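Enquirer: Each chain, written out:
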Amino acid sequence: MAFFIRVLLLAVERKSLVLSSLREHVVISLLACLFIALCGVPLGILIARFRRVAFWVIATTGVLYTIPALALFGFMIPLFGIGLRPTLFALFIYGLLPLVRNTYVGITTVDPAIVEAAKGMGSTDWQLLWRVQIPLALPVIVAGLRTVVVMTISYGHPLPPSSVRGVWGCSSSVASPLTIPSSSCLGVSWSLHLPLGLMGCSLSLKGGS
Amino acid sequence: MAFQEVTKEYARGVRALEGVSFEVEEGEFFCLIGPSGCGKTTLLKMVNRLLEPTSGRIFVYGQDVQAWDPIALRRSIGYVIQQIGLFPHLTVEENMTYVLAIMGVPLQVRRQRARELLGVIGLDESYLRRFPRELSGGERQRVGVARALAADPKLIVMDEPFGALDQITRMKLQDELLELHRKLKKTILFVTHDLEEALKLSTRLGVMRGGRMLGVGRPHELLLTPPDPFVEEFLGRGGIIQVLRAIRVGDAPLRKTQELPGTCPSVPVSASLEDALRRMVLAARRTLVVTEDGTGRVVGILEFEDLCRLLHRYLEGKLSFTCA
Ligand SMILES: Nc1ncnc2c1ncn2[C@@H]1O[C@H](COP(=O)(O)OP(=O)(O)O)[C@@H](O)[C@H]1O
Ligand SMILES: [Mg+2]
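Protein chains in written order, with our numbering: chain A, 1 to 209; chain B, 1 to 324.
Where hints are given, some of them may not hold.
Distance windows between CB atoms, simulated [as the list claims (entries may be wrong)]:
| # | chain 1 | residue 1 | chain 2 | residue 2 | range |
| --- | --- | --- | --- | --- | --- |
| 1 | A | Arg52 | B | Glu5 | 30 to 40 angstroms |
| 2 | A | Arg52 | B | Glu23 | 35 to 45 angstroms |
| 3 | A | Asp111 | B | Gln108 | 45 to 55 angstroms |
Rough simulated footprint, nothing fancy, chain A against chain B, three-plus residues with beta-carbon under 8 angstroms [claimed, not checked]:
| # | stretch |
| --- | --- |
| 4 | 85 to 95 |
| 5 | 98 to 110 |
Hints are computed from structural coordinates only; laboratory data are not their basis. Keep in mind that this is a model prediction, so the values were computed, not measured. Beta carbons: idealized from backbone N, C-alpha and C, even for Gly.
Work out the full structure, taking the sequences as your base and the hints as a guide.
Expert: This is the structure we're talking about:
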C-alpha cells in the first residue's frame, strides 16, 4: 500500500513529464498500428493468392516475432540510433505476424463452395476478393488487428519513445532521475501502461461478441 | 452445347473423363446421371471453364469455349453448384442479383430484377432483406436457382442441386423446376445421381460411369433399348413403375384418331404413362384421348393394350439380359 502511494506521489510530482510520455506513447502506438495494418493486410492477401510463398512469409514473420526485445534493440541502436524510428520499427516487426497470419488464414478458410460459386458466376479476381473473400474474412482480420493493438501498447515500453535520455528500462519520465528508487520507477511506468492496456483489452472484448 | 472427345486428367494421372462426346440442343433438359465419382462435376466445370480439358473440344452457344473470355462465358451461363454456395454476408436480394452487380448493372434495375426473380421462384418480398442463414434448405435452393437466372442466361448448369433436400421438398422443387423450364425455355444441363430424378426431369439423359459416357438418349429409348449392359442394369432397378413414370405419353405408340370419342377422358402429351394409367384406372376405361399441352388439340389415342405391349417389350429385354 505504501508502495502504491509512493508511486502515486511520484506521478503527481512529475505530472507534466508523465502526461507528455503518455501522449508520446499513444501517438507511437497508433502510428505503429497504422503501419502494421497498411503492410500486414495486403501482405496477407498477397500470400493467400500465391500460396507457395505463404509458408516462407509466415515463417519469416514468425522468426522476427521470436527475437527477444532486448536483442532487437541491441541490433537496432547501431543501425537507427535512438528515438522514434527504431521504436516504430521494433513495434512493426513484432506486430506483423499476427496480422499477416490472421489475414491469410481468414481468406484461405472462406468456404471453397462460396468461392467457387463466385468464380463460376463470372467474378474477376478483384471482384472475388472485394465482394466475397475480404468481407467473409473480415472478422478474423479484425481479430488480428486487435491483437496487434494490445501488443503494440504493451511493447511500447522497452525503448523510451522519442527521448534520448533513457535507453533501457521503463519510460523516460521515470528513468531519468536516477536518484529515485527503481521499484517506484517501474511502478510509474506500469501505471502508464495499465490504462492503455485495459483500453486495448476492452476494445478486443467488445468486438469479440 | 457440345462436347467432342473430351478427356480430363487430374494431377497424378487420375483420369476423370475419357473421350466424352455428346450434344445438348437448345431448349433441352439434359440430365447427366451416374454413380458418385464418375466425373459429372468435372464435366460440368469444364462447361464454364472452371476446369480446362486435357484434350478435346467443348462448344457453348455454338462456339469453342477456348475462344470465349472465361469471365464473359461464365456470366452468360447460369450456375448452381452442389452445395448451393449462397453468400452468407449478402441478403437474398444481393445474392440473387450478384451477377448483375459484378456486371455493373445499376442498383435500380437490380432491385426491379430481384422482385421479378422472387416471383419466378414463388417467394414473397419479405424475403428480400433476409440472409441465407434465415432460410430453410428448400428456400435456399430456390434462391440458388434464382441467382442462376438473374442475368437471363440461355444455358443453365446445375450440379446435384437437390441432393441435400428431404424427399418432399425435393419433389416439390423438381416440379417447380420443370414448370420453369416449360415457361422460360432455357437449356438446362442437370447433374444428378438419382435415377428417379433424372427420369422425371429430363427430355434426354446421358448415363456415365468411370469417366465414360455410356449412353445418351431419351428416357424411354434408354429404358427400352439400353446401349450398354451397365445402362440397362443401372436404369432397370426401378421396375415397371419406373418405366411408366419415365416415359411421356407423347413418346408412347399412339393410335391415329378415326372418330373423336368425345366421352373418353383425356391426358396431355407431356404427362407420364404412370399418369395415363392412373386416369384409365380412375375412369375405368381402356382408352384415353391424348391432347397437346396448352392448346388442347387432340393428337392421338392411347390404348391400354399398347401400354401393356410396351412393358412387355421392356421386361423381355431385361430377361434376355439376365439370362445372358
Ligand atoms: N481436384 C482433383 N484432383 C484430383 N482428382 C480429382 C479432383 N477432383 C475430382 N477428382 C477425381 O475425379 C473423379 C471424378 O470426380 P467428380 O467429377 O467430382 O465426380 P462426380 O461429380 O461424378 O461425383 C473422382 O474419381 C475424383 O476422385
Ligand atoms: Mg459431383
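Enquirer: For every hint, state whether the structure bears it out.
Expert: Going through the hints against the structure:
| no. | hint | result |
| --- | --- | --- |
| 1 | A:Arg52 x B:Glu5: 30 to 40 angstroms | holds, 34 angstroms |
| 2 | A:Arg52 x B:Glu23: 35 to 45 angstroms | holds, 40 angstroms |
| 3 | A:Asp111 x B:Gln108: 45 to 55 angstroms | violated, 31 angstroms |
| 4 | 85 to 95 | holds (count 5) |
| 5 | 98 to 110 | holds (count 5) |
Hint 3 from the list above is the single one not met by this structure.
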